[in-house]
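Asker: One letter stands for each residue in the lines below.
Protein chains: 2
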Amino acid sequence: MSDYETAAAHRVRQVANRGCYDRETVHAILDAGFVAHVAFVGETGPVALPMFYVRDGESVLLHGSRKSRFMRVLGTGAPLCLTVTLLDGLVLARSAFHHSMNYRSVMVHGVGISLPADEKPAALDLFTERVMRGRSREARAPNAQELKATEVLRVALVDVVAKLREGGPNDDAEDMNWPIWAGVIPIEQRMGEPVEWRAPKAS
Amino acid sequence: MSDYETAAAHRVRQVANRGCYDRETVHAILDAGFVAHVAFVGETGPVALPMFYVRDGESVLLHGSRKSRFMRVLGTGAPLCLTVTLLDGLVLARSAFHHSMNYRSVMVHGVGISLPADEKPAALDLFTERVMRGRSREARAPNAQELKATEVLRVALVDVVAKLREGGPNDDAEDMNWPIWAGVIPIEQRMGEPVEWRAPKAS
Chain L
1 MSDYETAAAH
11 RVRQVANRGC
21 YDRETVHAIL
31 DAGFVAHVAF
41 VGETGPVALP
51 MFYVRDGESV
61 LLHGSRKSRF
71 MRVLGTGAPL
81 CLTVTLLDGL
91 VLARSAFHHS
101 MNYRSVMVHG
111 VGISLPADEK
121 PAALDLFTER
131 VMRGRSREAR
141 APNAQELKAT
151 EVLRVALVDV
161 VAKLREGGPN
171 DDAEDMNWPI
181 WAGVIPIEQR
191 MGEPVEWRAP
201 KAS
Chain Y
1 MSDYETAAAH
11 RVRQVANRGC
21 YDRETVHAIL
31 DAGFVAHVAF
41 VGETGPVALP
51 MFYVRDGESV
61 LLHGSRKSRF
71 MRVLGTGAPL
81 CLTVTLLDGL
91 VLARSAFHHS
101 MNYRSVMVHG
111 VGISLPADEK
121 PAALDLFTER
131 VMRGRSREAR
141 APNAQELKAT
151 EVLRVALVDV
161 VAKLREGGPN
171 DDAEDMNWPI
181 WAGVIPIEQR
191 MGEPVEWRAP
201 KAS
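Protein sequences appear in the order of chains L and Y.
So for the first sequence, this note's numbering puts the first residue at 1; every next one is plus one.
So for the second sequence, this note's numbering puts the first residue at 1; every next one is plus one.
Only chain L is shown next, with the shape it has when bound in the complex (with noise of 0.2 Å):
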């Protein structure tokens, strides 16, 4: 698969051999994560939110209630920034400089494109598919209220940027007989035992 034509503005250059522009890698980064963190300009100035998305080949999809701030806001156009971090170790040098964090992250640049209502309920699917497969069809398909309530909005993969960091820590070499253990310590995100659940909604 080509390389993203990532804008010049947004390729990494601290570290550049962390940037990444591989079609393969920032797919499996994006399919890999649940959580984006969206960047947009609201009333009152910058605002990270955490979102539920899903990756619909070469775009991403968000979505939420049709009257949230965020949709009034990004539903118009407005510029957006979407990142993805997968957290994968702790990482021991022995000077405290040189400690750091393996990840995997994407940032993508762009704009939410709203759906129409006839793509809304396949859109919606795939959402229900990412928490588990095969869900969509076996769940309560959304009743027309609910589709109306809840927007899709579309981001194209265009303007997009993996960052990596793996391996051990980087110590400089006059300190390599520094007398302490220096090594990764791995984090990983696993799934516990589900736990099921038969009260209704409260209100």
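Heads up, some of the hints might be wrong.
For identical chains, the list gives no copy identity; a pair is met inside one copy or between any two copies.
Claimed, not checked - Derived BS3-like pairs: lysine-lysine, alpha-carbon spacing no greater than 30 Å straight-line:
no.	residue 1	residue 2
1	LYS67	LYS201
2	LYS163	LYS67
3	LYS163	LYS148
Simulated from the structure, these hints should not be mistaken for laboratory data.
Here the structure of chain L is known, so what remains is to put chain Y in place on it, guided by the hints.
Answerer: Then chain Y, alone, in the frame of chain L:
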């Protein structure tokens, strides 16, 4: 402890009962996370940047290279929004519409104040301590050049809101007999087995 006096514009309006302004809750969430997403307005529009952070009493500290774009923008006191999100579970409802996620998040609106040189060593120790307790006394301390290359910004915890969702799906009463399993799949972040590292920096 008293509640935060969060600006009206930043209080939770949609699903207002998920909003929380309690200091203890906010501190606990901040102390459990490692990565904040910091939104600010860069040269080309909004940016959501993932950053390591640490809480220091009623502040959050950020650090980075003096030469980074991030520090050039935020070091001048540009408005920012710092968000920390912990994902706790996937919520499987009987209806597609009520699928959700359990999470704890904190959003801070403010500005970053650059720390004077004499406050940097103690602040940087807090980052090293966050990676591993006791580590700042064992690792080789930052030298003059490393201290000069690193900026630390302090963001005061004043305009702060936590948002939380917990528990099972909010299914509508009429869906309670829909014949599928419903409940929560917990998600947790775990530390793995440490991996020792003996090689110095490549370059």
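Asker: Now tell me, hint by hint, if it's right for this structure.
Answerer: Verification of the supplied hints:
In the homo-oligomer, the alpha carbons of LYS67 and LYS201 lie at most 30 Å apart inside one protomer (21 Å), although the nearest pairing across protomers, at 52 Å, exceeds that limit. Within a single copy, LYS163 and LYS67 get their C-alpha atoms only as close as 34 Å, which misses the 30 Å cut-off; across copies the closest is 18 Å, which meets it. For a Cα distance limit of 30 Å, the shortest separation of LYS163 from LYS148 across copies, 25 Å, qualifies, whereas the shortest one inside one copy, 37 Å, does not.
Hint violations for this structure: none, all hints satisfied.
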